[in-house]
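Enquirer: So the sequence shown is numbered by the UniProt record's numbering: it starts at 1 and just counts up by one.
Among the hints, erroneous ones may be present.
In silico DSS-like cross-links for lysine-lysine, where the CA-CA straight-line distance does not exceed 27 Å [what the hints assert, rightly or not]:
1. Lys75 x Lys27
2. Lys58 x Lys130
3. Lys135 x Lys58
4. Lys46 x Lys256
5. Lys135 x Lys256
6. Lys175 x Lys224
7. Lys136 x Lys75
8. Lys135 x Lys75
9. Lys27 x Lys58
10. Lys19 x Lys75
11. Lys58 x Lys256
12. Lys81 x Lys27
13. Lys19 x Lys81
14. Lys58 x Lys46
15. Lys75 x Lys89
16. Lys89 x Lys224
17. Lys136 x Lys58
18. Lys130 x Lys75
19. Lys219 x Lys175
20. Lys224 x Lys97
21. Lys130 x Lys256
22. Lys97 x Lys81
23. Lys136 x Lys256
The set of hints was computed from the structure by calculation and includes no laboratory data.
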Amino acid sequence: MASTGISPFPPIRFDQAVKFANDASGKDRLLRLFIYVGRLAMWALKRRGLAEAAARIKALDSAFNHTRRVLRLGKLGNAVKQWNDCRAKFWGPAGLKWAFFVVELFKITAGNVYICCDHLRWLGEIGVFKSIDWKKWGDRSTWCWFAGLVGSLAMDALQLRASLTRERLLLQDLKDSQLQPHQLDQLDQRLTTSGDAQAKSQQENKGTAAAATATTATKQEAEKALAQLRRARELIYWDVAKNVWDAPLAVVGSFKLTGMPGGVLEVCGTMSSLINVYLSWRAMFPPPAPK
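All chains, please: the whole structure from these sequences, using the hints.
Expert: What follows is the structure in structure tokens.
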């Protein structure tokens with residue numbers, strides 16, 4: 001991963017922490033982190049034979065789960081906005097970017113269906129609607145989560161490909177801008193040593209200086225765009241890491257796999273939750289732009 005010269009972990013201010021904790025998205029990310037850290041602690045306590053302490057943490061786990069689902073009710077009303085934003089995001093002067101549009105639409109749809117199924121499972125599990133087969137809806141929600149995870153990884157792949165292609169173009173621009181002053185100097189030397197050396201030298205020096213100034217400006221713009229591109233690509237790498245950590249949870253839940261060593265899923269959930277908190281924090285408090 002190429003460095004942008006900016007620390008990805010700037011100092012945390014108290015007012016930022018308060019704002020993040022009060023934000024609905026921040027609360028959701030923090031609750032998920034608390035849930036998986038608690039499950040990891042439960043696994044460790046059970047291994048040590050501390051069943052009573054593990055039972056207390058399990059009660060907290062249940063409370064956090066209920067709270068998180070209440071907070072996520074607002075996401076159901078955001079589905080239409082997400083679909084409209086999806087079309088606006090990938091519709092430009094060059095037309096519709098179909099690959100990005102289809103993958104993003106699939107990811108958004110899978111995510112919203114997952115939330116619907118998960119809430120139906122939750123309402124059936126707590127007894128609000130006793131006619132709901134909450135286990136069936138739980139299986140459906142897991143499959144939708146798995147589908148959304150596949151869509152997210154596909155979108156990461158498309159974005160990485162586009163980012164690397166753009167970087168190659170910018171590097172070529174930088175290479176061209178570095179060659180131009182050298183070529184202009186050679187042209188000036190040839191003019192100076194032939195014909196009316198003094199007149200031609202003065203005339204061409206003005207053109208050389210103007211061209212060099214324009215080249216320097218182009219070079220600076222290309223370097224700035226390259227730094228911004230690499231900075232944005234760091235977030236894609238973080239998102240890939242989050243999805244990779246989430247993959248074992250989705251695969252085991254979707255295919256009902258057994259025999260997984262104890263603590264593995266808890267560690268995967270904790271790591272993906274930590275990255276999710278970091279990405280939400282970066283979205284809310286981005287580091288300063290490269291100069």
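Enquirer: Against this structure, judge whether each hint is valid.
Expert: We went through each hint and held it up to the structure:
1. Lys75 x Lys27: holds, 13 Å
2. Lys58 x Lys130: holds, 24 Å
3. Lys135 x Lys58: holds, 20 Å
4. Lys46 x Lys256: holds, 23 Å
5. Lys135 x Lys256: Holds - the C-alpha atoms of Lys256 and Lys135 are around 13 Å apart, at most 27 Å.
6. Lys175 x Lys224: At roughly 15 Å apart (the allowed maximum being 27 Å), Lys224 and Lys175 satisfy the hint.
7. Lys136 x Lys75: At roughly 22 Å apart (the allowed maximum being 27 Å), Lys75 and Lys136 satisfy the hint.
8. Lys135 x Lys75: holds, 22 Å
9. Lys27 x Lys58: holds, 20 Å
10. Lys19 x Lys75: Judged against 27 Å, a Cα distance of about 20 Å means the pair holds.
11. Lys58 x Lys256: holds, 22 Å
12. Lys81 x Lys27: holds, 21 Å
13. Lys19 x Lys81: holds, 24 Å
14. Lys58 x Lys46: At roughly 11 Å apart (the allowed maximum being 27 Å), Lys46 and Lys58 satisfy the hint.
15. Lys75 x Lys89: holds, 19 Å
16. Lys89 x Lys224: Since the Cα atoms of Lys89 and Lys224 sit roughly 23 Å apart, the hinted pair holds (cutoff 27 Å).
17. Lys136 x Lys58: holds, 23 Å
18. Lys130 x Lys75: Roughly 24 Å between the alpha carbons, so the hint for Lys130 and Lys75 holds.
19. Lys219 x Lys175: holds, 9 Å
20. Lys224 x Lys97: holds, 25 Å
21. Lys130 x Lys256: holds, 25 Å
22. Lys97 x Lys81: Cα-Cα ~19 Å, so holds.
23. Lys136 x Lys256: Since the Cα atoms of Lys136 and Lys256 sit roughly 13 Å apart, the hinted pair holds (cutoff 27 Å).
Consistency note: the structure conflicts with none of the earlier hints.
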